[in-house]
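A.B. asks: Residue numbers (my numbering), protein chains in the order written: chain A, 1 to 275; chain B, 1 to 381.
Bear in mind the hints are in silico, worked out from the structure with no lab data behind them. Incorrect hints may have been included.
What the hints assert, rightly or not - Simulated DEER-style distance windows between Cβ atoms: (1) B:74 / A:196: 30 to 36 Å; (2) A:179 / B:138: 53 to 59 Å; (3) A:196 / B:39: 38 to 44 Å; (4) A:53 / B:130: 56 to 62 Å; (5) A:108 / B:283: 42 to 48 Å; (6) B:39 / A:159: 26 to 32 Å; (7) A:2 / B:138: 56 to 62 Å; (8) B:39 / A:108: 45 to 51 Å; (9) A:159 / B:194: 32 to 38 Å; (10) B:104 / A:29: 53 to 59 Å; (11) B:64 / A:179: 56 to 62 Å; (12) B:130 / A:196: 55 to 61 Å; (13) B:74 / A:259: 38 to 44 Å; (14) B:130 / A:128: 56 to 62 Å.
All figures in this text were calculated on a predicted structure; none of them were measured in a lab. Beta carbons: idealized from backbone N, C-alpha and C, even for Gly.
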Amino acid sequence: MTNERLHHTGKVVRNFLLALWALFALFPIFWMVLITFKSDAEMFTTTFAFHPTLENYQAVLFGTNYFKAFLDNIIVSSGAVLVSVLAGVPAAYALARFEFKKKEDLAFTILSFKFAPEILVILPLFMIYQKLGIYDTYFGLIWVYQLITMPLLVWVVRGYFEDISVEIEQAARLDGYRWWEIFYKMLLPLIKPGLVSSALLAFIFAWNSFTFPLLLTSFNVETVTVASLKYIASDTVHYGQMAVAATVAALPEVILALLIQKHLVRGLSFGAVKG
Amino acid sequence: MAQIELNNLTKTYKSHSALKSVDLTVKDKEFLVLFGPAGAGKTTTLKMIAGLEFPDEGLVKINGEIVNIVPPANRNVSMVFENYALYPHLSVYDNIASPMRSSLYRESEEYIKEAILKVTAKMKIDHLLERLPSQLSNGQRQRVALGRCLVRKPNVFLMDEPLAHLDAKLRHFMRAELKEMQASFDTTTIYVTHDYMEALSLGDRIAIINQGEIVQIGTGEELFYTPCNQFVAGLMGEPEINIIPGEIIRDGANVRVKLARQNQLYELPEDVADFFRGNSIEQVNLGVRGNDVSCSSERTSTKSIKGTVYVLEPIGNRSILTADVEGQKIRIIVSNSYDVDMDSTIYVDMDFSDIIFFDRESEEFLIRHNQESLVKEGANG
Chain A
1 MTNERLHHTG
11 KVVRNFLLAL
21 WALFALFPIF
31 WMVLITFKSD
41 AEMFTTTFAF
51 HPTLENYQAV
61 LFGTNYFKAF
71 LDNIIVSSGA
81 VLVSVLAGVP
91 AAYALARFEF
101 KKKEDLAFTI
111 LSFKFAPEIL
121 VILPLFMIYQ
131 KLGIYDTYFG
141 LIWVYQLITM
151 PLLVWVVRGY
161 FEDISVEIEQ
171 AARLDGYRWW
181 EIFYKMLLPL
191 IKPGLVSSAL
201 LAFIFAWNSF
211 TFPLLLTSFN
221 VETVTVASLK
231 YIASDTVHYG
241 QMAVAATVAA
251 LPEVILALLI
261 QKHLVRGLSF
271 GAVKG
Chain B
1 MAQIELNNLT
11 KTYKSHSALK
21 SVDLTVKDKE
31 FLVLFGPAGA
41 GKTTTLKMIA
51 GLEFPDEGLV
61 KINGEIVNIV
71 PPANRNVSMV
81 FENYALYPHL
91 SVYDNIASPM
101 RSSLYRESEE
111 YIKEAILKVT
121 AKMKIDHLLE
131 RLPSQLSNGQ
141 RQRVALGRCL
151 VRKPNVFLMD
161 EPLAHLDAKL
171 RHFMRAELKE
181 MQASFDTTTI
191 YVTHDYMEAL
201 SLGDRIAIIN
211 QGEIVQIGTG
221 EELFYTPCNQ
231 FVAGLMGEPE
241 INIIPGEIIR
251 DGANVRVKLA
261 RQNQLYELPE
271 DVADFFRGNS
281 IEQVNLGVRG
291 NDVSCSSERT
301 STKSIKGTVY
311 VLEPIGNRSI
321 LTADVEGQKI
331 RIIVSNSYDV
341 DMDSTIYVDM
351 DFSDIIFFDR
361 ESEEFLIRHN
371 QESLVKEGAN
381 G
């Protein structure tokens, strides 16, 4: 009886704490969505009573070239992830399977790209980009995004490859499969959870990137993070319009985050070899 | 169906040498057992035949053809891996179907279905076809791996301890099943094990491998009765053979043996005595199997050796009694009704007609009684 009551109390406390955390985490988002419907005049009222308006949406979505930035962001982010997957998966395989000199050093170097703050390397990069003529191009941005997307992908996928026993590949070779067939039929299904979740995370990191597009692009290519700055006018800051830009920019991330959840199932490879 | 030949196969991993100049010929349709302790190089040998490992030196031949640079897929060999190597994302059915769906060895789906049903019924896993490997027990996984190997019609079956993780009863059943299948398949098989019962019951011939070298190849009887050295003698048989140091005493034409720390002289069978008349070897080791030793609590003859009971282990249909004779442990097979107190005095008698003599220094085989008639069967094998 006491045990049951204790159990019940624990449940209540746990749920209460979770609710508190959810409130804390979600409130800024809630507030952001709220102010998209506020006019500049009512922006700083802290009561929840205001006169909802769609003015901000109209101003941002139809008054500026926000859609162009949104599209650009999709192009550079998915381009960066695509390049990372195409180059990173073979790299991860090599790091997991083959023995070669300085292997760990190389793996660490790839990871270390994420260590330095972007602002630290941006100035030399800016000058190199100017000289190479890839300043303000899709290619340039996709290239520099590899610093963000590649290390994450390589390290996650390498772990998945390491979990696959080499005998599984050997068995497939003896079964009469070619190496590319082994990759598609045997390995890809096993690394899929890791590949999908790390690719989606990489996409989100690239999507949110601010420093690189701010300094390495100007009129040709523009991302939503940089575009949001335009709503700071010389006389006033249009918080409502900024909030609209941010809310719309966050939509793909919310959708992707929901997708990730489904794919973050590890343990598919368990039971493959004797435990 | 193929003959497998290994010539001077050598492999070194970093500083540790895995195989040292291995020569081995497995005849067409032969069932050869590779038998040896852990780390002897058994799995490495199999993987070289499969083409998964490359030899540093030497040749691998299948049907007389050198296959050193033939990729594993094209060698048409079928292998059971020690860790099963099942495809975790495929059901049992698809796992077993996998070799028949590859571009090289493709079969029709009807054929696949029939073959799978046949092999899984034999393995008693036909009720598990829809499951994933993660939903199986180790014994079931091992049988799926065995099934995936056996559905094929390869040049050679390579089996790396395919029964190691089954429980005793199932292992016994599968052993019989394998032996029956081997008879009907007529395919060359190389089978790795460290269980001497499996080796003796399945193998047409057994190759003993130790530290990367083939120590002896022969039929089970050959290895059991005339092991080429003490190491092989120690591997065959349970309990392990007793090795007792002794000394050959020559007194004119009279050749007798004296056991270490004993004063009695024992007569030798005539053929053994003859052998020792022809040389001057003095220091020998006597290999005595547990069933060639008897014991009793009373002195039965003047030749009996006095010792104490060290331990008595009942193992079902018999018991193993370990006697302590002057610090030397002697394992004796006794009937399971035998009852004796620990540390009580016991008298041990040996049957000298079944003793195997080894050279003390080199531990190599010297002679045993009736050698000719015992090896006759294996000599031409």
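A.B. asks: It remains to establish, for every hint, whether it holds in the given structure.
C.D. replies: Now for the hints, and whether the structure bears them out:
no., hint, result
1, B:74 / A:196: 30 to 36 Å, "holds, 34 Å"
2, A:179 / B:138: 53 to 59 Å, "violated, 30 Å"
3, A:196 / B:39: 38 to 44 Å, "holds, 40 Å"
4, A:53 / B:130: 56 to 62 Å, "holds, 58 Å"
5, A:108 / B:283: 42 to 48 Å, "violated, 60 Å"
6, B:39 / A:159: 26 to 32 Å, "holds, 29 Å"
7, A:2 / B:138: 56 to 62 Å, "violated, 43 Å"
8, B:39 / A:108: 45 to 51 Å, "violated, 33 Å"
9, A:159 / B:194: 32 to 38 Å, "holds, 33 Å"
10, B:104 / A:29: 53 to 59 Å, "holds, 55 Å"
11, B:64 / A:179: 56 to 62 Å, "violated, 28 Å"
12, B:130 / A:196: 55 to 61 Å, "violated, 25 Å"
13, B:74 / A:259: 38 to 44 Å, "holds, 42 Å"
14, B:130 / A:128: 56 to 62 Å, "holds, 58 Å"
When each numbered hint is compared with the structure, violations occur for hints 2, 5, 7, 8, 11, 12.
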